Amino acid sequence: MTDESHPPAARDRGTLLKPKLSPTEKGARFFFLVCAISALGQMLLIMVFLFTEAGRLFVSLDGEKGVSLGEFFLSQDWYPTYPSPSYGALALVAGSLSVTLLSILLAGPLGVGLAIYLSSMAGRRSREWLKPAIELLASIPSVVLGFVGMVAIAPFLQNALGLPSGLNILNASLFLAVMATPTVASLGEDALSAVPQSVQDASYALGATHWETIWKVILPASLSGLSTAVILGLGRALGETIVVLMVAGGAAQIPLSLFDSARPLTSTLAAEMGETAIGSAHYHALFALGAVLFVLTLAFNLLAHYLGKYWRRKA
Amino acid sequence: MSVILRVRQRAPKAKKPKAPARRLPPWAWLPGLLAFLAPSLLGPGAWAYRDPNNLVVSGSTTTLPITQAAAEGYLATRPDLRLSVSGTGTGEGLKSLIDGLVDVAGASRDILPAEAKRALDKGVRLQRHALARDSLAVVTHPDNPISDLSLDDLYRIYVGEIRNWKELGGEDRPIVAINRDSSSGTFEMWLTLVLRGARYRRDAQTQPSGGGVAYAVGGNRNAIGYVGLGFLNERVKALKIGGIGPDLQNVASGAYPLSRELYLFTQDPHSGIAQDFLNYLQGPAGREIISREGFLPPPAP
Amino acid sequence: MLEAQKGFGRQRRYREQKLAFLAIRLAAGLSLGVMAAIIIYIVVNGVPALSWAFLTEFPRDNMSAGGIFPAIVGTVLLAVGALLTALPLGFGAAIYLAEYARPGPLVTAIRLGVANLAGVPSVVFGLFGLSLFVTTLGFGRSLLSGSLTLGLLILPTVTAAAEEALRQTPASFREAALALGANRWQAIRQVVLPAALPGMLTGAILALGRAAGETAPIVFTASAAYTLLLPDSIYREVMALPTHILNLATNSVHIEATRPQQFGSALVLLVLVLGLSTFAIVVRAKLRRGRQW
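Just so you know, the protein sequences line up as chains A, B and C, in that order.
For the first sequence, the working numbering gives the first residue as 1, with consecutive numbering after it.
For the second sequence, the working numbering gives the first residue as 1, with consecutive numbering after it.
For the third sequence, the working numbering gives the first residue as 1, with consecutive numbering after it.
Keep in mind that the hints were calculated from the coordinates and are not lab data.
Quick caveat, the model's predicted, so the values are computed rather than measured.
Mixed in with the good hints, there may be bad ones.
As the list claims (entries may be wrong) - Non-contacting residues of chain A with respect to chain C, defined by C-beta distances greater than 10 Å in every case (computed):
#, residue
1, Phe58
2, Ser60
3, Phe73
4, Tyr79
5, Ser86
6, Arg125
7, Val195
8, Ser198
9, Val199
10, Ala205
11, Tyr310
To be verified - Partial list, derived from the structure: chain C residues whose beta carbon lies under 10 Å from chain B:
#, residue
12, Phe58
13, Leu246
14, Ala257
We put the CB at the ideal spot given by N, CA and C, even for glycine.
Isolated chain A, as found in the complex (with noise of 0.2 Å):
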């Protein structure tokens, strides 16, 4: 880290000394080069190979005729396996948002929370273990979350709340969050460990308490890092597949209430996948909603990247 500076004088290198190429030396080159644009033709890959069997959906395929755009984005009716079936898929996006915005309005706070502790609160020694420990719980296992959410709060939201039933959007977005919170606070506290000493240092000078200086100076000094930390928890949670597969109840509604039970994209995905004939309707509306989340991902790590450039800007 403290050789921020040598990449670019190793590149150098090469034009300095010029070392002969031997024909290992080109080899390994090339191979090295092949490498890394297959991790660039497997993210062409993905977007070719969703796209197009998203694409199918929607062309007359068999004498049956496409399914319209129109259809797909505005309708709430999705029906796949009915003889007249509909593929609407505004239902199941709303279910997706409702549960990631939920659970992010409890990992932001919880996440921003943790990271400033980390950060400017706790000592050398506890912040030493409590770092990795945040990573490591960043490394449970979604099946499991999803299963204590169904054996354990379902039940317990259920007679504790008196409510129809504890499969709802709100279990699902509390273990969302419970995803989401070591996200926000790794990156967070990355984002706050960032700004400069001396600058806090002047703060203080000027008689600022602890708290003013964190509030006033370094919160604002971070906040390109710290939108960034929670945009990419936001991205974790929307493509969090089977917590909401267990708990979020399944029904293709536009949620209204935190009681309602919805069915996310990915718990969709992942329901009616396995049992789809490959190559059907069904099967390329699948694929459709796929395309759908994969472009809403998309669309909140290019905001994260613009949202950090913006506040770099503006500070």
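Here the structure of chain A is known, so what remains is to put chains B and C in place on it, guided by the hints.
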């Protein structure tokens, strides 16, 4: 400039620990990768399912408990065999059977004309074997006072015309309708026999299996669901349909309205071991498994 | 003099600080506490289900008895297969990016690809695996398809960690080797790689933990609800711990009856994944501390 300086300063220090550098076999993982990928390039056909001692059973999740238990029992008699059992749904199972990817496909309905045509186009003949009679039980929480509903009541609950138990003379509680996943054969049966093709209410929850429905209903006093008889347990109450309960007598006599036949499909001709497995299922051990799992075995030949 | 201090509202400001810190401590405590509670819940309920037989036997009686041996084996095989896929590609890409690449549109594109790949939801990898490996290439639902899918899933993580490790090897190492007349490849192979390899492998092990815990990508590419034997070829379906838990909890005939199996499997998976990650994190910390350059 600074770069050159660095070389002079650090080179000896850097070289010292690294001089006896373990000679890293640089290509060591390449053969590994090739070995891993090469067979895939040759195509899986040769490896996949051509082993005469390998039996792949797939298809309906409803027949899964039977085929799974039967596979266990059968394998105890033939330890030299390989068997894999999975539940992918009837449609996918039949498709895999036509494609030759599985040997035996469980089905919770008869073959559809489109599937038969597909088989014909591929030049594959299919053979149907009666497996068992399955019935759907409509279940609620044991504490729910309702114990008898008509098919019309069920229709109105599932399309959303009735939303509270009190409309049926029960408690003042919202009705939580639970569906099976819409790709399942069980849902298809519900769609035909109860919904009669109508669209179910949007807020109906879904569960991926009969076990899941039974579990969800058993834990929720507001809920109603439907499961195969094999999934009934003490945590749920099976309702009568128009006064007729889903007991073995009513099912066998055909009086109970929510019944269907389960089948196993194979290609015709099929392998000796597939036939052997079918014989096992139709024999006394198989019949016992079928009843134990809550289905009605076909009448003895 | 005192007047001036009071004038700045010291008491109020410190009260504000106390409140704010209390809130932050609560947030930190709550989030860590919830996660700890989840782990404790699984451990407390899972330990009674564990036994030697549970770890080494096949499931019996519709999964309500017996063990989870094939699921453990399947998960290990899938994770190893994923690593075999991701390691060569990821390390190769990292070596290119760290050692050879000069800034340009190609490198920007590659970096963009890797970064976006890391954000793609795992279920989309599952769809991709289904479409490419299972269907188009005809591998079927198999260990091979699942390993390749998981391998692609962890590729960005492996690449990023390996590149980071390579970049932390000081330029002076390369320069020393080059100064001694080594060519670029010799310098990388004999000097840079041995120094960076532990770091690269640690990153890979962290990714391995992630692969072992993933459910969505293998649901349609690799996993069988039940196999009676261990796989003897890469074209077999395998059982895996995450899908086993999912199946038992949502798909078994009598969900309550298999509850001990579910908790036991969840505990084994948790120990496996957290164990791998802990191992990698500890090794990484040791590496960072022990580094002298």
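Comparing the hints with the structure gives:
| no. | hint | verdict |
| --- | --- | --- |
| 1 | Phe58 | holds, 17 Å |
| 2 | Ser60 | holds, 21 Å |
| 3 | Phe73 | holds, 19 Å |
| 4 | Tyr79 | holds, 21 Å |
| 5 | Ser86 | holds, 21 Å |
| 6 | Arg125 | holds, 14 Å |
| 7 | Val195 | holds, 16 Å |
| 8 | Ser198 | holds, 22 Å |
| 9 | Val199 | holds, 19 Å |
| 10 | Ala205 | holds, 15 Å |
| 11 | Tyr310 | holds, 18 Å |
| 12 | Phe58 | holds, 9 Å |
| 13 | Leu246 | holds, 9 Å |
| 14 | Ala257 | holds, 8 Å |
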